[in-house]
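Protein chains in written order, with UniProt numbering: chain A, 1 to 110; chain B, 1 to 465.
Hints may be right or wrong, so weigh each one.
[Said to hold, decoys possible] Simulated crosslink set (SDA-like; lysine to any residue; CA at most 25 Å straight-line): (1) B:196 / B:322; (2) B:299 / A:83; (3) A:25 / B:227; (4) B:211 / B:274; (5) B:455 / B:433; (6) B:200 / A:38; (7) B:211 / A:81; (8) B:293 / A:74; (9) B:368 / B:92; (10) B:196 / B:293; (11) B:180 / A:26; (12) B:395 / A:63; (13) B:386 / B:227; (14) B:46 / B:251; (15) B:390 / A:59.
Keep in mind the hints are simulated off the structure, nothing from the lab.
The chain contents come next:
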Amino acid sequence: MAPEPETMPISVDFLGGLDTLFSNKTSHTISLPLLNPSDSSPANVGFLISYLVKHHLKHPRTEFFVQDDGHLTPGILVLINEADWELEGEEECELKAGDKVVFVSTMHGG
Amino acid sequence: MQHNSNDEHHSNSAATNGEQNGSSLQLTDEEFDRYSRQMIVPGMGKDAQLRLINSKVLIIGAGGLGCPAAQYIAGAGIGTIGIIDGDVVEPSNLHRQVGHATSRIGMKKVDSLITHLRDLNPLPTYVPYTYPISHENAADIITLYDLVLDCTDNPATRYLISDVCVLLCKPLVSAASVQKSGQLIVLNCPPTPQGKMDRKYPPCYRCCFRKPPPANTQLSCGEAGIMGPVVGLMGVAQAGEAIKILASALHLPQSSSDTTTEDDPHNLIQPTLLIYSYDLNAAPGPYTFRALKMASRKKNCFACGENSPQTLTLEGIKSGNPNYIQFCGLQTRKATLPAQDRITASAYHAARESGQLQNHILLDTREKEHFSFGSIDGAVNVPFGKLLMKAATIKRDGGDAQEILPLKSAEDPIFVVCRRGLDSQEAVEKLKELGVDHGGKRKIVDIIGGMRAWKDEVDPSFPFI
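Working from the sequences, and respecting the hints, build out all of it.
Structure, rendered in structure tokens:
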């Protein structure tokens, strides 16, 4: 049996209604593998997104979170340790143990 | 204190303080009494109150955000209040749109809200615009005001309002809400000319929300529902932000000492996005309010960034460029089923009445909350989300379509109905993918237009929700 991959804890929050896609829970602690098994590169936000889709996204309406190409659905803000992910390199941003990632769906109703 | 009547006020105050550019420099007795409790709050005082009285605020949208916001804007004594909305008051608005009333159902929302506001405070000048804001009229209206509240309900209008506010240098207080969540952010404050990037400046709506969500993932209050206090809280918070910005003159360019530093003492350059999450099943907890720090103006922003003067102009907006409707993809909706897989509500009803449908299955894919208010006799409720989830599981792990709904004979036709006739079409496709139609032996049919059509064509007393 292959050894369990080493993991790190990442705190992930879903706001603005996205919690309904993830077992109706706002705050999650994810055990994310240190390396992306597909190419053994260090885990980044892009890998976190695909990991969340594979292991935690229980709802069939996956298009509310990711598009067919695997990229995040437009209109979702991502904050990495409180900062807009565009400043951190978006999907390329590498994660370390204890990082806090927040996904927020933009609302339009009123 | 002087005991002058209202009529005397103008000549009196003009004599003692003068009036410049139509701005009053003195409070009347009535204003003094009315605003006393907010004027004595530390940090307010007479100058702040006069700034409010001399301010002009535009409220775009007279609904769930606009009503509560307008009450406090009017109560605080903002001197000129413009309100724009083309809708009329409906009974389903009243649980949250607290500026309207049962006696004003059918009235234009703007007229209804101003009726309420005049009773609350007759002193401000109220300016009604009883039509929707559009790319053609937005700039002509917004230019007349000092600050804008975005209380609208759709992304196309939100991008339009933000773009015009950038071009006209107006601060924007933006809020939104759906179901059990709300958000609030102050944008473009203090307003900065388009394209300026020599230091950090406040973001616009596009800096924060570069692309709208795809049309098929957008939820409106009409479809998804909305809790009154959730949207109300966001509207009240908008008024709170507007009042503080105007009272403290935060929208005016800051003093030179501020411009030499990268400090953001007022939390405006990197504003906070406030998120409110309301839980029907728990008291407030540590995650009820979240404050997320946003980035400052973005260099590559289409509306306010480095090259934006080449991409966004008032003339362009007026002539339809950019096309906001297209940008937000409002026209895209899934392709419809072929005609042989569809039936009108009245034809389905006629077939039932004539006894042609002795053995058939009627599948209702609305949410269980909707179903609980009423359904067609014999309907089986499998909410659309649950149906998709089960279909995905069966496809992935194998299993029997009986897990979705009981299927006695292999030939009984299935009729699928939903709220308005979109989910039901996708449900028909899913069931066929699972082979429930036995290669065409069983008919699976969508009822066109859903329960809305059933109410319109068959049963006017049906409690459609």
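### Query
Quick one, are residue 196 of chain B and residue 293 of chain B close enough, alpha carbons at most 25 Å?
Within the cut-off at roughly 22 Å; holds.
### Query
Is it true that the CA of residue 299 of chain B sits at most 25 Å from the CA of residue 83 of chain A?
holds (17 Å)
### Task
With a cut-off of 25 Å on the C-alpha distance, tell me whether residue 368 of chain B and residue 92 of chain B pass.
holds (19 Å)
### Message
Run the distance test for residue 293 of chain B versus residue 74 of chain A: straight-line Cα separation, threshold 25 Å.
### Response
holds (19 Å)
### Query
Under the criterion that the straight-line Cα-Cα distance not exceed 25 Å, is the pair residue 180 of chain B, residue 26 of chain A satisfied?
holds (13 Å)
### Query
Would the pair residue 25 of chain A and residue 227 of chain B pass a check requiring their Cα atoms to be no farther apart than 25 Å?
holds (19 Å)
### Query
Do the alpha carbons of residue 200 of chain B and residue 38 of chain A lie within 25 Å of each other, as the hint requires?
The hint is violated at about 40 Å.
### Task
Measure nothing beyond the straight line between the CA atoms of residue 196 of chain B and residue 322 of chain B; if it is 25 Å or shorter, mark the hint as holding.
holds (21 Å)
### Satisfaction of hint between residue 433 of chain B and residue 455 of chain B, Cα-Cα up to 25 Å
violated (30 Å)
### Message
residue 395 of chain B and residue 63 of chain A were given as a pair; does the straight-line alpha-carbon distance stay at or below 25 Å?
### Response
holds (18 Å)
### Query
Is residue 211 of chain B within 25 Å of residue 81 of chain A, Cα to Cα?
Holds, because 22 Å separates the two Cα atoms, which is no more than 25 Å.
### Pairwise hint evaluation, residue 59 of chain A against residue 390 of chain B, where the allowed Cα distance is 25 Å at most
Holds, at about 10 Å.
Hint compliance for this structure: hints 5 and 6 are not met, and every other hint is.
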